[in-house]
Amino acid sequence: MNRKLIAVLEYCPHPPPGADHKLDARVYSAGNRFSIQVRDFQSTLDGIIAYAILFSVLFLSSFASLPTGGLAEAYRDSLLRTGAATSLALAAILIYANFGARNLPEFRLASVRKSLLSSLLGLLVWTAFWLVFGELTGTYHLVLESARASLAPLALCVGLVDGLVAYAYCTERLVTGVGSTVGVLLSSLFGWLLFVAVSVDFAFYLLPVVLLLVYTGVRTKSYFGPIVATSLLMAFFYVYFAVSPWVPGTRQTGYWLMTIASVVSAFLAGLILTKGPFGAVSYAGDSAI
Amino acid sequence: MLGTPRSRGLLLAVLLVAILVLSVFVSLKLDFDNRDRIFQSVIKDSPDAMQAFQELSEVTRSDDVIFSWWDYGRAIQDYGGRSAVVAYPSRDIIQSVGASQNPVYAFEMMLFGRYESSEKIHDIARAFLLPEDESLTIMRKYEATHVVVFHGEDTRGAFNDIEKFPWIARIAGYNASDYVRTTATSPEPRYELTAKAEQVTMLRLLFDERFPPQHFAKVYENKVAKIYRIEYPVSHASSSQWVGEPWLALGCSEYVMCGYVQRVLWAVL
Chain D
1 MNRKLIAVLE
11 YCPHPPPGAD
21 HKLDARVYSA
31 GNRFSIQVRD
41 FQSTLDGIIA
51 YAILFSVLFL
61 SSFASLPTGG
71 LAEAYRDSLL
81 RTGAATSLAL
91 AAILIYANFG
101 ARNLPEFRLA
111 SVRKSLLSSL
121 LGLLVWTAFW
131 LVFGELTGTY
141 HLVLESARAS
151 LAPLALCVGL
161 VDGLVAYAYC
171 TERLVTGVGS
181 TVGVLLSSLF
191 GWLLFVAVSV
201 DFAFYLLPVV
211 LLLVYTGVRT
221 KSYFGPIVAT
231 SLLMAFFYVY
241 FAVSPWVPGT
251 RQTGYWLMTI
261 ASVVSAFLAG
271 LILTKGPFGA
281 VSYAGDSAI
Chain Y
1 MLGTPRSRGL
11 LLAVLLVAIL
21 VLSVFVSLKL
31 DFDNRDRIFQ
41 SVIKDSPDAM
51 QAFQELSEVT
61 RSDDVIFSWW
71 DYGRAIQDYG
81 GRSAVVAYPS
91 RDIIQSVGAS
101 QNPVYAFEMM
111 LFGRYESSEK
121 IHDIARAFLL
131 PEDESLTIMR
141 KYEATHVVVF
151 HGEDTRGAFN
161 DIEKFPWIAR
171 IAGYNASDYV
181 RTTATSPEPR
191 YELTAKAEQV
201 TMLRLLFDER
211 FPPQHFAKVY
221 ENKVAKIYRI
231 EYPVSHASSS
241 QWVGEPWLAL
251 GCSEYVMCGY
261 VQRVLWAVL
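These protein sequence lines are chains D and Y, in that order.
Quick note on numbering: the first sequence equals residues 1 to 289 in this note's numbering.
Quick note on numbering: the second sequence equals residues 1 to 269 in this note's numbering.
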């Protein structure tokens, strides 16, 4: 234990090239990267309060008893409920931000084009890898849920509002407050939970691509792209769902394979984004990270 | 108190954990509620299924108890206005629920789902698999007066007990292929009954023209469902329960109180 501590101190913050005790340095580096270091208390608190407002309003909306109609009506009502609750939460967050004279949601227009192109490219690469894997291996294939088909525009709108709350305000606040790594991880988790809340089927496999989109937002310093990409994801996967053609009772295996394929696809998409045409932008270069 | 960075960090950590727990809980609850309504909505989309459930209030008395596979229990209560023997699955058969293939929903079911006892569910499954005489003993145990089975062929397989039969047989501890063989899976499965099929109560109720049931009188049928009144044999009666409503003690509803039974009872009382 003592030896480790000495090694870490010796190389802190970065080990010199070719030095001994590489493993210890790496452990320290990884631990440091994933530990929560509060850089801006107020920004972190703003982010947490915004998420608290969002999920509290969603919680209250769960008490609204919806009339039992046909399947299309049931899907529409649940989307409308979530959309209305998120819009209300957005209004409350804006009031909170205005009263406290804090940062309002911002798009950083100068980076909008880069953000949009990066996000759409990431989405395209993820979708291509993920779908090709599913088709080639027969692990899953996409099926249209006919009762949801007409609800794509509504799902798109809900995705836009979700993105506005989750990325344009909360992510920005959290990344400023606790740094990019923890901020991206937390924001991705909260953002992904909004997919679960509207019952996007098999939502688990969307977590890696949501992570990729939040990362892209931080990297390009604009959340416009992630918001648009998220709403497209919401609209598409609300209407289509991926099913595993395997026999009932063992389908969870197919589900996990879908999720693993999604992780790999998101990783490859991230790699292409980093090395590709939009890779030159520094990692949230001028933010307080 | 919040002056030191350590105490501020601690406060944020606590808040973060709290909001994470809240958000996970809320999202899962909303998802569960949305999915929970789906089957009831599917019924609303099927005029025949809706008609069958609503017909229950016409062909049964208000205190009658309906015996069916658990899937239909809540619709029997909500749309038919009658008590169902079971309306929820038991924890040990959760793998037979289609949505459980999704780990997120399976977790939600563990958190928010309602469950029947395992014994009850296994009894229901066995009652459907056993020959009629033995099924009646189980049906009497739950004071069932009517049975509903579904033979509808819909794209979602929601109202087709023959599609559910393999799982029901498995839960009852039987091998479904001993009674029903699936001869083709594409484009639609075809089912072929074996020689043993006529011993199975559920199959007798579903294919009543081929195997006319002995203890069940059909009171309603449409494209989706068949409703039967259970005609318990007199020998099943328990003398201690005769006082009050003797025909119910015999397991008969008022519709089957045949003249013979009526005469015997009034003579005894």
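Hints in this document: simulated from the structure, not taken from any laboratory.
Wrong hints could be hidden among the right ones.
Examples of chain D residues toward chain Y, derived with CB under 7 Å [to be verified]:
1. 52
2. 65
3. 68
4. 96
5. 197
Computed far set for chain Y versus chain D, every beta-carbon distance over 10 Å [stated by the list, open to error]:
6. 5
7. 19
8. 23
9. 44
10. 81
11. 91
12. 106
13. 122
14. 176
15. 178
16. 197
17. 210
18. 213
Derived coverage of chain Y by chain D (criterion: at least 3 residues anywhere in the stretch with Cβ under 8 Å from a Cβ of chain D; other residues may be distant) [claimed, not checked]:
19. 55-69
20. 216-227
Note that beta-carbon positions come from the ideal geometry of N, C-alpha and C, so glycine has one too.
Requested in this report: Taking the shortest Cβ-to-Cβ distance between residue 178 of chain Y and chain D, state whether it exceeds 10 Å.
Outcome: 19 Å, holds
Query raised in the report: Is the interface hint for residue 68 of chain D satisfied, with its Cβ closer than 7 Å to some Cβ of chain Y?
Result: 5 Å, holds
**Report entry** Interface hint status, residue 52 of chain D versus chain Y (Cβ within 7 Å)
**Finding:** 5 Å, holds
Query raised in the report: Once the shortest beta carbon distance from residue 65 of chain D to chain Y is found, is it less than 7 Å?
Result: 10 Å, violated
**Report entry** Outcome, coverage hint (the region 216-227 of chain Y, chain D; C-beta under 8 Å; three residues)
**Finding:** Result for this restraint: violated, n = 0.
Query - Exclusion check [residue 5 of chain Y not at the chain D interface, CB over 10 Å] - result: Violated, because the least Cβ-Cβ distance between residue 5 of chain Y and chain D comes to about 7 Å, which does not exceed 10 Å.
Query raised in the report: Beyond 10 Å from chain D, beta-carbon-wise, is residue 176 of chain Y?
Result: Its Cβ never comes within 10 Å of chain D, the nearest being 13 Å, so this holds.
Query raised in the report: Hey, does residue 44 of chain Y actually stay past 10 Å from chain D on C-beta?
Result: 5 Å, violated
Query raised in the report: Would you say residue 210 of chain Y is clear of chain D, with no C-beta pair closer than or equal to 10 Å?
Result: 28 Å, holds
Query raised in the report: For residue 122 of chain Y, which was marked as not at the interface, is the minimum beta-carbon distance to chain D over 10 Å?
Result: 18 Å, holds
Query - Non-interface label on residue 23 of chain Y, tested against every C-beta of chain D at 10 Å - result: 4 Å, violated
Report task. Given that the region 55-69 of chain Y was listed as covered by chain D, double-check it with a C-beta distance under 8 Å for 3 or more residues. Result -> It is violated: at least three residues are needed, and the region 55-69 of chain Y offers just 0 whose Cβ sits closer than 8 Å to chain D.
Checked against the numbered hints given earlier, the structure breaks hints 2, 4, 6, 7, 8, 9, 12, 19, 20 and satisfies all the rest.
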